Structures are given as structure tokens and as C-alpha cells.
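Participant: Residue numbers (this note's numbering), protein chains in the order written: chain A, 1 to 309; chain B, 310 to 1079.
Any given hint could turn out to be false.
What the hints assert, rightly or not - Under the rule of at most 25 Å between Cα atoms (straight-line distance), these lysine-lysine pairs were calculated in the DSS-like manner:
1. A:Lys112 <-> B:Lys589
2. B:Lys646 <-> B:Lys658
3. B:Lys422 <-> B:Lys380
4. A:Lys25 <-> A:Lys112
5. A:Lys245 <-> A:Lys227
6. B:Lys625 <-> B:Lys329
7. B:Lys412 <-> B:Lys446
8. B:Lys947 <-> B:Lys969
9. B:Lys402 <-> A:Lys112
10. A:Lys112 <-> B:Lys380
11. A:Lys112 <-> B:Lys512
12. A:Lys293 <-> B:Lys446
13. B:Lys947 <-> B:Lys993
14. A:Lys112 <-> B:Lys957
15. B:Lys329 <-> B:Lys422
16. B:Lys646 <-> B:Lys625
17. B:Lys917 <-> B:Lys782
18. B:Lys548 <-> B:Lys589
Rather than coming from a laboratory, the hints here were simulated on the basis of the structure.
Fair warning: this is a prediction, and the values are worked out from it, not measured in the lab.
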Amino acid sequence: MASETTTPRSFQEIILRLQAYWASKGCAMLQPYDMEVGAGTFHPATTLRALGSKDWTAAYVQPSRRPTDGRYGDSPNRWQHYYQYQVIIKPSPPDLQDLYLGSLEAIGIDMKMHDIRFVEDDWESPTLGAWGLGWEVWCDGMEVSQFTYFQQVGGHDCHPVSGELTYGLERLAMYVLGHDDGNEMPFNDPQSPIPLTYGDVFREAEAQYARWNFDVADTDTLLQHFKDAEAECARILAEPADDPKTGRRIVMAQPAYDQCIKASHVFNLLDARGVISVTERQAYIGRVRALAKACADAFVQTDAGGYAA
Amino acid sequence: MPDLLIELFSEEIPARMQAKAAADLQKRVTDGLVEAGITYAGARAYSTPRRLTLTLSDMLARSPDLREERKGPRADAPEKALEGFLRSTGLTKDQLELRDDKKGQTYFAVIDKPGRPAADIVAEVLEDTIRNFPWPKSMRWGSGSLRWVRPLHRILCITYDEQGTDIVPVTVDHITSGDITEGHRFMAPGAFKVTSFDDYEAKLKKAHVVLDATERADHIWADATSMAFAQGLEVVEDKGLLAEVAGLVEWPVVLMGEIGERFLDLPPEVLQSSMKEHQKFFSVRNPKTGRIEKFVTVANTETPDNGATILAGNQKVLAARLADAVFFWENDLRIAKEGMQPWLDSLGKVTFHNKLGTVADQIDRIAALSREIAPVVGADADAAEKAARLAKADLASEMVYEFPELQGIMGRYYIERAGESAEIAAVAEDHYAPLGPSDDVPTAPVSVAVALAEKIDKLTAFWAIDEKPTGSKDPFALRRAALGGIRLVLENQTSFSLRNLFDQAQDGFLDVLFTAIHKRFAVKSISDHSAIVEFFDLKGWLTETGDLTADAEENIVELASALESGATTGEEQAINILRAAATKQLGRKPNRKLDTESLLSFFHDRLKVYLRDQGIRHDVIDACIVMPGNDDLTLLVKRANALSDFLKTDDGENLLQGFKRANNILSQAEEKDGVEYSFGADIKFAETDEERALFAALDAADAQITPAMKEEDFAKAMTAMAALRAPIDAFFEAVQVNADSATIRRNRLNLLHRIRTICLSVADLTRVEG
């Protein structure tokens, strides 16, 4: 494999190298999904495309939001908005581990100098009704990626099985760039005319969102949003497959799934506001899971989901 | 005879599964081979993160030939019978033999089952083993349907002897067997051929793979301890961690690193947990100070810089982890020093069980019960209550949220920092004890009071909502709680009535529950009425009101609608309604008594198991359980011990026989005559010396046994009882109970009744076997 031996100089160079690497391996280079999500897995390119019989491959950066992780921009390694790099290949190729290790070399991690380990970590998303087996990948004792073979999504067995790789970009970049404080790491090339750090780009917004997430977001409105998204999702899916206007069969799995994503994010916001009790928590997760399952049921009724009339 | 080598090469197998998987591979393959007639001299299984390996030595090259003879119908039997026989044997008529039998000419089938080559059998057994392997969790990958713990890449399967090596052809889905394996993922990538186990093991070692997990563990431990020793330090032993780490590497490289100076003041338990759970590091301790000063990590690779980069990376990760721990510790200490109230408040939001309220409710109950128990175990009631109120506070701390296994341990630190005595602080850790059968039992009185209260509360609470263990199901670990309670009582020699305690627990339980529900209601009523209706499922309840009076029902309807419409309701009505709701939550009416006897017999069952382990026979325990005072476990065990000792003596064994004889004769007579002979025997009707001697002996025994029993001195009572042995024996020797004279017979039966009464006052000897 062609190995890149130089160390990247910036956060964005790590992203660019991952993009170049996975493009060279044939992945479709997608863009982030245009909605607020908690993790890269929520992108329909992963959640929905992992379902059904059709082959699929994609890689993308996904900005992700975890309101409870907000630290007003003061933490060296926690932000309520962060980036995940996500790769999905279906069916999972036999050399997926080697492909993955190649991507680490591409961003300057020299296998001869470091200790890379695959440590058991089974992945489960209660909100997506999904689980898989795999590992967290350690580099010198630090978790740099999550490596999962999807077994079930939205309550459906995955056939074929997708291999999913998730890189926590901030942590990975801090390690590769040698910065203990993520806010200090260069976002663009430090030699460029206007060098910017990660903190320059995000610190201000982090403080603003932390305040809003924790103390200001209107919980009544959010609760209403949750109910609305839930109702709209059900309404969309209740429509018949045959569109009376075009006369075509159009199962609206993805618009419905957008509502599921929305409900999930609103739930995360409510959680950050501290208005969800321990018992209610499980109930909310169950409600989002019910939406995810209904959307998965719908997706396998689409062409992309392998439906054959 | 050939040897066999099998290797199943896969992506990384979880460390915790490796040892059992190797054993399962050995068991499944060898069972299958032996079943098919292939025996062998020796077997060994190995595991690394990427492979399971099995080697057999001196295996039969073929399974033995078998010849089976089956007798068929007679030559003159109907055609149908012969047809059936041919069908079942799969032969034709001309392949049968006709032989002379006792009953005439008879058909015989002789079926030869020639032996088969071992390779064929190995292939079948191995395929079956792979397809049905008992992984705790397995998965599919790619487009296949085969299941393995992680994707399976290669099957190596060869037999070999002096003549050479043969591949055993096996195909499982898309994988075909060969004689090829791979070495270390990074240090020796690429595949190579092997010809025998010795060749395999040696080539693996050259390719930086230590096949044997024990060898890896030994190597790790030897390197770690000698590195630590060289610096005057010692590695904190942890066998579980050692086994796990040995399962994470194929080529262990031990590195020792520094814990930053600013972290050294964290409690040692925090350092150990943090390093072990997240990083799988061993702790390295200074034996002089007891402080954890360094760590040992095990890498899977050698590097040109001798691990410097790896160690630096690990140190950095540890520093970030410990920075979190310091953050938690400092935040926690701030709250601890102010008395921990915010934690106690937040436990009011943590559900203990949906029918039993919150952890705060549980604490209230335990605190009340601890007060009651305190005087019995010699503890100060105020101290016990205070300790009970603080003992679970750490459950809400950040450190315990992060490291649940530090519950109680952190509590002790925090309660001390809150300015409480060491005695009260110790309760945080002690009140969970004993957890396992070999755990130490707390002995400090305050700890005993709270530990006991915790267990009694748990049992009465779950009994109240009818969540008793059934069969193998015991989701709330109630058996463990009962055994813990038993050991607390017995090992501290405390004496009290469990029934009373159950009643007290039950009272407190209801009071606390009602108050808690009321409290929750009051808080909730401001913002969300419908939540209460939902929480108590009031609507659902209204539809199943069979259990309730019309008044109560009306009351609920009223309140439910009031709640829903958002109207405020009177305090009293609210309490009534909540009381009713609590009834619903409990699944029973508040007036119905807790099933104390069933809970007591649950304790007795646990006690039997406990005493059996101490060598006391079940019938001896049964004989004592039916006696009065059986809810005082210390008393009960004292009685059982005395009886057990007594029965081991000659006198005891013989007295038991004498008692049984007396009891049998008496019982038969009573049944026959339909009367009870309890009128008291009169010595004036005694005819023989033996009879008179028995009267005297019974009087003497009575005089000793009655006061001894009052003092609960069972040993003394039984010694006195033993003195009856000779007179009873002599009596039966010399006297016919069923005398001709009705008066004399009646008197003798009444005398036997005295024997029975005296003996039964000590224990129910009718239940003793033998």
C-alpha cells in the first residue's frame, strides 16, 4: 500500500488525506447530511443504506452534536459540536482491517513506531435499534476509531453485512498533530497567511451553544417539536406507496427518517436541559427507536432498499 | 500414527473469550473424533488474539472396521416381513445369509462397516465444529451466512507423520483449508506454510507470535515485576487483568511509565480503577508508602525507539483520563465537604424500582430501620441513622458515575471529608457487605446495623410487591441478600426476632412510600398533572377496580379528573388519592399484611444451605426450625448446633431411639384409643423398679431442662436429656407398656407422654432421621 510518511500539519489536512485515501479505494465521497445528528451513523447513507441487499460504499465527514458534551469551549477535548469521519462498505470486504490500517498510515501514523490494537467493543444504538460487533481501535492506548460489522439496523438483520468505520476526528487529530489542547491545534496550515486554530473556529460558538443547550432552549417548544416530528413521521409513512399525482410508486422512507433524526436531536437537547428523568429517558429512547424501525421497514420497500416489484 | 494440527485464523477475538474458545475447540473436535472411532494419545489447545489452535498427537489413521449382524425373519415368514427387513438393512435378498436357528431356517444380514480415513472424519467434525461453535456472541460478515466471533479468514488443517504432511481438505462456505498461516500483524506480515506443530510453533515465534497464552502471561508478569523491582517498587497483582492483557497481544512487550506528579494524591483505588478499566494498565506501588507511583502497560510490538513513542502516547492518554478523575474528585470533594446534600437530593430522582420509589425513598426506609436495629447490635441509634442516610450518597457523585465499582469506597472518603467519624464513614463500604459467601462480614456495630437494615429492607420491599425469586430467576439477588443477612446475624452473635423486624420494615416501608409519593406529587403538581396520572397509570387502574371500594373509586375519579384539568386539590384528598395510588403501585391493599411467614421460610431455606455447608444435617435443622423462637436465627443455630453435637454422641443416638420407641407406642395407642395420654403419670401405679427409676429420672431431667431452656442453654438441656437414656432403655427392657390392667397401661402411656414432652421441648426429634 502506498504509505504517506509525512505528518499532516492541520486538522483539515487530516480530513483531506482521509478523503483522498478512501476516494482512492473507491468509496463515494459524500457530503455531511444537512441535519443535526448525534453521530455519523445517523446519516441516511449509513443507517438506511445498511439495509437491504444492494451493494453500497460511501465516506463522508459528519458534523455531530452532543449537547450534553458542551463545555463552553473551555475543555481541551470536549465540544458539543464535533466531527466524525465515517466510512461504510457493503458488503464488508475481507481486507477491511488492512484498508483501515492503510488510512492510518495515510494520515501519518507509522505502524513501525506505534502500537495498534483491536480491542473488543460491541456497538449498539438503542435509538436506531441497531447493533454490531467489532472493536475500538487503540493507537498507543488511545481510542482512535470504532470498527463495526453491522448485524442489525432498525430491527432488520443486515444482509449483506456492512463494515462501518468511525473516526473521532478531533481526538485523532490532536494525537497526530501532537496537541494536548484541541483548541490549540491548527485548523488550516499554520504557515498560511491567516492561520487559524480549532478554537479560533469553534470556541465562540461552543460557548453560545452551551448556554443555549443547558439553560435557554425552551423546553415546552422542544417537547412540542418532539411530538410534531413523531406525528409527522407516522403520517408520512401512513401514506400509500402509490403516488396519486405521478402514478408512481414512491415510498417516502427518507423524509420520514428526517423526522426520526429530528426527534432524536430534540431528545438530546431535552436531555441537556435536564428535564428528562431516568424513567422517562428509556421511554423517549423507545419512541425514537420505534420511528427508526418504521423508517427501516419503509426503506426496504424502496428500490434503493432492494425492493423488487 | 499421525498427529493433527488445526488453526482457525480470524480477526481479533475478544480477550475474555479466548481461553474458553480454545477449550471448546478441543472438546468439540475430540468428542466428534472419538465418537467416530478416532482415538488419540494427547491433545492441547491454544489461543492468541487472532487464532485458535488445536493439536492432537498419535491419532488413529483410520477408524476401526465394524461388522454388524442382524437377525431377520424366518425363511417361511410372510413375504412382507422379509421386505421390511431388506428395507431396514438396505440389502437385497441374495446378500442375506440363511442359517439354521432354533426355530428353523432364518435370514441373517451381515453388514460390514469398513473403517474410514481419519482425514475424512476430521473434515466432517471440523466443519461441524466451526458451524456450531458456542461463541457467547457471534456475527456474520460480507455476503456470507457463516457465523464466527469476528470474520474467519483461514482454516489450517494438516495431519503429519514421518512420511510427510497432508492437508485435510475442509471447506466451510468460502473458506478452504490449507497448510498456511500468518505471523504478527505488524512485525511479520505475510503468510507461510507449516508442516507440523513443532514447525508451526517455531515459525510463529520467529514471526513474533507467542502461541501459548500462559507463556505470554508469565513473560508479562516476569518482565513487569523485575522492572518494578529494579526501581524499588512492586506491581499490584491482578490475575484477571493479566489474563486479559495476555489475550490482547501476540508479542508482549512490557513498558513501565510515569503517573504525573499532580495525580499521585488521588485515592489509590481511583488510580487503579482508572488505569485498569480504561487503559488495562497494571498499577505499580511503592511498598514503603503504599502509594501508586507508576504503571505498566503491555504493547503488542517492538519499535526502533524501544517503545518510547508508545509509552509517551500511553502517558498522554493516562494524563487525560486522570485529569478527568481529578476533576471529578475535586468537584465531589466540594460537595462532600458541604455535607453532600445535593447528592442526596438527586437520589430522589433515581428510580430504585418502579413500584418501590427512588433511591432516596430506599435510604429513608433503611435509615428508619437502622435506628430500630441499632440497640440490638449495640450501636448508637443516632449514629446508625446518620450513617444510613449518608452511606449511599456517593452513588450520585461524579466519580462513582464514572467508576461504578468504586461505590462505597468513594463514599468512605467523602463521608470522612464531610467531617464525620471514621465509624460512620466505614458504613458506606460496609453496608453492602457481605456480597459473596467468602466476603468478610462487618463487625463494627453501626456497620452491622445498617448492613442488616439494607438487606431486610430489600427483602421486605420486594416481598411486598411480590417479586420473589423463582427457580433460577433471582433478578434482584434476594438470595444473596438473605444469606448476607444470615451471616451478619450469626457471625455477630446477635439475637432478635426477625418477625418483629419484618413488621417494622413494613411499617416504615409504607410510611416512607406514601410520603415519597406525596412529595413527588407536590413537586410535580405545579407543572405537569398529566404526568402523575400517567405515572400511576390511574386511568388504567380505574378500569380494573374490582379490588376497591366504591368510595375509593369515586375518590380516584375525582382526583384524576382534577389532576387532568389542572385544578388544585385539597391536601387531605391528595394524600388519600396517593395512598390509593400507592396501593396500586404495590399491587395490593395497604392493610394486607406482608407475607411474613413466607419471607421467614425463605430465610430458613437459605439458612439450611448455609448450615449444610458447615456440616449440619438438614433433618437436624428441620427439627429445630419448627421450635418456638425460630425467627431468632442465632438461637435457632445454637439449638441446631447443640442437637447436632448431641446426636453425634452414643447417648444422643440411643436416646433418639428410646424417644422414637416411646413416641411410636404412644402415638399408636393414642390413635387406637382416640385419646391423648397427657394426664400425668402417677408413681403410685408403678410396678417395677425400672418404672420408678424412670419417674425419678424424668423428675431430675425436668428440674435441669426447664431452667436450662429458660437460659437458652441447649447444650445443658441436652446433656440432662442424655441422662434419660439408661432409665428409658431399662424401662423398655423390663416393662410391657400394654399391660393387662387398664389402669397400669394408662399410667405407663402417660409416663411415655412425659418422655415425649421433655424431649420435644428441646427439639422436634420426630423429624430427625435414623
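Participant: State for each hint whether it applies.
Facilitator: Hint check results:
1. Distance check on the hinted pair: Lys112 of chain A and Lys589 of chain B sit about 22 Å apart at the alpha-carbon level, within 25 Å; holds.
2. The straight-line distance between the Cα atoms of Lys646 of chain B and Lys658 of chain B is roughly 22 Å, inside the 25 Å bound, and the hint therefore holds.
3. The suggested pairing of Lys422 of chain B with Lys380 of chain B holds, with an alpha-carbon distance near 17 Å, which does not exceed 25 Å.
4. For the hint linking Lys25 of chain A to Lys112 of chain A, the alpha-carbon distance of about 23 Å falls within 25 Å, and the restraint holds.
5. Restraint check: the Cα-Cα separation between Lys245 of chain A and Lys227 of chain A comes to about 29 Å, which exceeds 25 Å; the hinted pair is violated.
6. Distance check on the hinted pair: Lys625 of chain B and Lys329 of chain B sit about 34 Å apart at the alpha-carbon level, beyond 25 Å; violated.
7. The hinted pair formed by Lys412 of chain B and Lys446 of chain B fails the criterion: a straight-line CA distance of about 61 Å is larger than 25 Å.
8. At roughly 23 Å between alpha-carbon atoms, Lys947 of chain B and Lys969 of chain B fall within 25 Å of each other, so this suggested pair holds.
9. With a C-alpha separation of about 74 Å, the suggested pairing of Lys402 of chain B with Lys112 of chain A is violated against the 25 Å cut-off.
10. Distance check on the hinted pair: Lys112 of chain A and Lys380 of chain B sit about 73 Å apart at the alpha-carbon level, beyond 25 Å; violated.
11. For the given pair, Lys112 of chain A sits about 21 Å from Lys512 of chain B by alpha-carbon distance, which is consistent with the 25 Å threshold.
12. As the CA atoms of Lys293 of chain A and Lys446 of chain B are separated by approximately 23 Å, the hinted pair is consistent with the 25 Å bound.
13. The suggested pairing of Lys947 of chain B with Lys993 of chain B is violated, with an alpha-carbon distance near 39 Å, which exceeds 25 Å.
14. Of the supplied pair hints, the one linking Lys112 of chain A and Lys957 of chain B is violated, its CA atoms being roughly 73 Å apart against a limit of 25 Å.
15. A distance of roughly 36 Å separates the Cα atoms of Lys329 of chain B and Lys422 of chain B; the hinted pair therefore is violated under the 25 Å criterion.
16. A C-alpha spacing of about 31 Å is found between Lys646 of chain B and Lys625 of chain B, which places the hinted pair above 25 Å, so the restraint is violated.
17. In summary, the hint linking Lys917 of chain B to Lys782 of chain B is supported, as the alpha carbons are separated by about 19 Å, within the 25 Å threshold.
18. For the proposed pair Lys548 of chain B and Lys589 of chain B, the alpha carbon gap of about 12 Å is at most 25 Å, so the pair holds.
The structure is inconsistent with the numbered hints 5, 6, 7, 9, 10, 13, 14, 15 and 16, although it conforms to all the rest.
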